[in-house]
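Start from the sequences and build out the full structure, keeping to the hints where you can.
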Amino acid sequence: MANQNRARRSLIVLIIAAAGLLLLIILTGENKVQLSPVEDVLRTVLAPAQTAFSSAGRKVQSLVDAVASFYELKAENDYLRKEISFMEQQLVQYQELQKENHRYRKLLQFTEESDHRLLAAEIIARDPSQWFGTITLNRGYLDGVEQEMAVITDRGLVGMISAVSPHSSQVLLVTDPRLQVSAMIQRTRDPVAVGIVESYTKDSANLKITYLSPEARSQPGDMIVTSGLGGVFPKGILIGIVREVDKEQPGMTLSALIEPRVNFNRLEEVLIILNPGKNKVSLPEPRESGKVGEPLS
Amino acid sequence: MLVGASFILALLIEGSVFSFFILEKALPDIFLVLVVSLGFILDERRGAVIGLCAGLLQDVIFSSALGYFALAKMVLGYGAGLMGRELYREQLMAPAVLVFAATLAHEFILYLLVNWLMSSGLPAEWSLSRLFIPKAFYNTAFTLLIYPLFYRFYYRGRQLKSGLQRRRRVLQ
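Line by line, the protein sequences are chains A and B. Numbering-wise, the first sequence is residues 1 to 297 according to this note's numbering. Numbering-wise, the second sequence is residues 1001 to 1172 according to this note's numbering.
In short, the hints are calculated from the structure, not lab data. As the structure is a computational prediction, the values presented were derived from the model and not from experiment. Please note: incorrect hints may appear among the correct ones.
With a cut-off of at most 20 angstroms between alpha-carbon atoms, the simulated SDA-like pairs for lysine to any residue come out as follows [unchecked claim]: (1) Lys208/A to Arg178/A; (2) Lys106/A to Phe264/A; (3) Lys59/A to Leu73/A; (4) Lys59/A to Leu1009/B; (5) Lys59/A to Leu1027/B; (6) Lys99/A to Thr153/A.
Partial chain A-side listing against chain B, Cβ under 7 angstroms, derived [said to hold, decoys possible]: (7) Ser10; (8) Ala18; (9) Leu21; (10) Leu24; (11) Ile25; (12) Thr28.
Using N, Cα and C, we set each Cβ at its ideal position, and we do this for glycine too.
Structure below.
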């Protein structure tokens, strides 16, 4: 009985309290602009702790996110790496094509300007046993290539076809000691200025012209072109530029060091002269005397 | 002391940490878990008082008007105390189910109050599926963690108290 009374009293208190709270809601809920002093104090006291917990919460969240997204990120990372690798390959290919296109354009221009019947060929191999001695081209006798045909680029003489197979041919470069080219000084075009261009043993990147007459008046900067004697190389193909003349040479003849215009290290495409024309090949603008030793392209 | 500390800790965690990494919009209401668990362990009077105090604290910190949380939690603390008389307190399932039901009731009371007094509320179906039920599950999960601690602490305290009283009687 006492318990029942107690429970009933509790229920009544609860109902009164609930009604009081409802009133409180109505009173405090309408147009509330400013906090009550109690609210103000409590919120002020709790604010720093809430800030600290909030910061901790953010850290926990970022940690949870990092763990949750680890596998996703790893997969994405792998995918992106592959994508980058693929793109890099494509970029390299694109750059290669661009350079190739540039080279072909120059060759085409040169071919159009030239009087010779020319055949473009790509270098498919280099002989590793000799320093720039021979190269192999992707054109053979089925393309009309024959032995002793001259091989050039838009920059000058490269060498001579030394062996031919159906689909490829070997070129003996002018830097090879086995090849000797009859040449002359373009400036004078004097028969006394004819010499033999051969490899220079002390520096494989350069050539040497020998048997020059002392009357040839050769000087640094002179352009050396083929003389056409011997019938292998058409007349007037640029070989190189005189760097220095050896005046101390005893005897009747002089020799000079020649810097080839063709960069044999960077050769990729060449032209084979199938049928030499009557006129000489158009040459690049001659350089002024003394401006030797410029980097070769 | 422990109850007070629990509420303060719950208040801080609830308003900050949970809001960052709990999925969806529903957040657990540890205050409600504490009120229902303590009301269930103690009795309806103390449950109602704890609910009233905890609710007022929540109102002060989070609510736009005083009384919303206090009213809901006071009623539910009282109800939990009444249920504690009828059900076995030592079983974990009873408070878990009770908290689940109390969460739905709590949210329903708040939904009615907000709709009635503020004339602006969320759609009922959406609220039930996206807020009330997920919150009820969250709270139930927290009950499974919190309730055993309070239960053990309370009955160990009572055993110690009765042991001391017996010793005093023997000494007298």
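Okay, the hints, checked on the actual structure:
Using a Cα cut-off of 20 angstroms, the hinted pair Lys208/A and Arg178/A holds, with the two alpha carbons roughly 13 angstroms apart. Distance check on the hinted pair: Lys106/A and Phe264/A sit about 17 angstroms apart at the alpha-carbon level, within 20 angstroms; holds. For the given pair, Lys59/A sits about 19 angstroms from Leu73/A by alpha-carbon distance, which is consistent with the 20 angstroms threshold. Only pairs whose Cα atoms come within 20 angstroms are accepted, and Lys59/A paired with Leu1009/B is accepted, the gap being roughly 18 angstroms.
Between Lys59/A and Leu1027/B the alpha-carbon distance is near 18 angstroms, which keeps this suggested pair within the 20 angstroms criterion. With a C-alpha separation of about 16 angstroms, the suggested pairing of Lys99/A with Thr153/A holds against the 20 angstroms cut-off. The beta carbon of Ser10/A comes within 5 angstroms of a beta carbon in chain B, closer than 7 angstroms, and the hint placing it at the interface holds. The beta carbon of Ala18/A is positioned within 7 angstroms of a beta carbon in chain B (closest approach about 6 angstroms), and the interface hint is therefore held.
Checking Leu21/A against chain B by beta carbon gives a least distance of about 4 angstroms; that is within 7 angstroms, so the hint holds. Taking 7 angstroms as the C-beta cut-off, the interface hint given for Leu24/A holds, the closest approach to chain B being about 4 angstroms. The criterion of a C-beta within 7 angstroms of any C-beta in chain B is met by Ile25/A, whose closest approach is roughly 4 angstroms, and the hint holds. Residue-level restraint check for Thr28/A holds (minimum Cβ-Cβ distance to chain B is 4 angstroms; threshold 7 angstroms).
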